[in-house]
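Student: Read off the chains here:
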Amino acid sequence: MAPLSTLGRVPAPALAIRGLAMARGYRTLFRDLDIDLAPGQVLQLTGPNGTGKSTLLRLIAGFLRPDAGTIRWSPLPDDATPAECLHYSGHHEGLRDGLTAQDNVATLASLLGGDPERCAAALAEVGAASLAELPVEVLSAGQRRRVALARLLAAPRPVWLLDEPFTALDRDGQALVRRLIAAHAAAGGLVIAATHQPLDLPDLRNVTLGGAAP
Amino acid sequence: MTGWTALLLRDLRLARRVGAGAELGLVFFLILVSLLPFAIGADQRFISRIAPAFLWLSALLATLLGLDRLLQADEEEGVVDQFLLSGTPLELLVLAKALAHWLVTGLPLSLAAPLLGLMLAIEPQAMAPLALSLLIGTPALTLIGLIGAALTVSLKRGGLLLSVLVLPLTVPTLIFGATLVKEAALGRPYTTPLMLLGGMTLLMLVIAPVSAAAALRHARQ
Amino acid sequence: MNDARPTSWLQLANPAVFNRWADRLLWPLVIVTLVLFVWGLYGTFFVSPADYQQGDTVRIMYIHVPAAWLALFVYAGMVVSALGTLVFRHPMADVAQKAAAPLGAAFTLVCLITGSIWGKPTWGTWWQWDARMTSVLVLLLIYLGIMALWRAVDDPLRAARAVAILTLVGAVNLPIIKFSVDWWYTLHQPASVFRLDGPTIHPSMLKPLLIMALGYLALYVVLLLVRMKTELTLRRIDRLQRLAAGIPGDRA
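Protein chains in written order, with my numbering: chain R, 1 to 214; chain F, 1001 to 1221; chain A, 2001 to 2252.
Treat the hints as calculated values from the structure; they're not laboratory data.
Note that the structure is a prediction, hence the values are computed from the model and not measured.
Every residue gets a Cβ at the ideal spot worked out from N, C-alpha and C, and that includes glycine.
Incorrect hints may have been included.
Claimed, not checked - Listed below are several chain A residues computed to face chain F (Cβ distance under 10 Å; list not exhaustive):
| no. | residue |
| --- | --- |
| 1 | 2080 |
| 2 | 2083 |
| 3 | 2086 |
| 4 | 2139 |
| 5 | 2164 |
| 6 | 2169 |
| 7 | 2172 |
| 8 | 2173 |
| 9 | 2176 |
| 10 | 2179 |
| 11 | 2239 |
Could you put the whole structure together from the sequences, leaning on the hints where they help?
Tutor: See below:
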């Protein structure tokens, strides 16, 4: 079976972050942050706990407003907002107990503009085909992760923001995530992943947070 | 299928599976009605007099059920983040959730109310107006509740606070709804309260999604 | 998502500037408040005539009516602060909102209690479901909800925004509540009721009433300034304690 295309119709935009600053509570996490990323590139975010990796991803996703600085995507199709071009996978999987894996992924795919018909193929691709009809509350943490990853494939979007994508995954699962990231980048997609696990990619960019004075 | 309908259907499916569905709300409504005679005595004429008010109060309380989890469950699981990434405006998505909530609470309640009105010896000519008033009025209650649900979305035990925030705002709806049924029971025209009740629901249809979406966005800043 | 906001709002000059002019204004305002109250109460008890129907009872009006005015005035001020919080994201608007809510609730409570005391000799009961009193009661409930929300949300920034939205929703609803309660009251009008503060206010009553209202207003400003200063100090203490303990103060 050919792997699912993860790019969709929208071409991947380039990311330009300029002078970004953010404080949480009374502490400045980072300031004067500049990041440039082109389509097809993978950026790995590293840095000690609490230095703002998750916050940076949520800023890029548009959930938070920065204290200063700009986050620009270009070129964007005229009718699309940045939020509609990206996937965000955070600490919570976005799965609701009481529904099957299939129902969960299909709902998210519909919300994110994907095709619910692709769900079965997407679940198969992340090795969760046999879990499709099970309610997600009976799944293990690693199985839930896999089901959550399926939406990246069910709704093709050019930008992936992944916060600790390897959490709870076994060796196979981690290899799967590496493979998906590599394939997405190779197809011209753009990936930003906050993780300390090696990504094993030839052309990997890295940004380490934690340099800013408190 | 668009994201909006997918979300609506998902919430309806969840309501059925998790057991917060229509039946339980109706049972709660029935219990409240059964408790009334124990509290005030079995005098039919007295019960008949306060029945419209009591049915409306019961509907109000039954609507509050489950509101505290309406948005909280999605927020905790990170689904609201996904709402923000969908092409559909958050305002419309929370409206879909409110509609799902009304379909499993307000709607069955409105349809069952005449039956319970029978038990409370409500005047026959007030039966249809009772159902009508609830059909038109309970959406306003759900929508006001939606605002409260969004404001308390990040609070662990927000249920009581939600009621405290929401109930004062339901005063006009309660007044118009209960008055409608009372006027009908007395055989008087009830066009004015009907119009006012409809106006309340339309107004909340505008205010509630906007306020709830704003509250959800601000809650993550 | 690209607008800028100052890096750390606590570094803004505003709180310091606010504190400086609040300190300068506070004592003169206290004196103004005292003068207005002494003048107003003198007018209430010695100048103003007794009512031909209610006798000396009417004098409670000078305490009751300005409290009702202030109850609404404070809410209007909170609406302005709420816009300041949501639109301009100004931290002083947060502080003003938070400081005002219990004061508004207090004025509302004074209005209800004095109304009840006035009602006893006038209506013969401590509480009558009169349209005005009922509306004020709902206003008190809304104030209590706002105060409860302030307490429930730990993070001050998030609390301010949630409360601001609630305040605005309340502001849209208040006229409707007022209308619905008036409408409800006309359907259930009891046989004979004295109108409490009817249109028949004699000029000799108006002057002490206005002086009392100004006194209430000055008292409100004094209490608001003190509460805002206290809130700023509390936030400063919280920040210093966190810094001293090495706790970052993350809100996540």
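Student: Going back to the hint list, which numbers does this structure go against?
Tutor: Per hint list: 1, 2, 11 violated.
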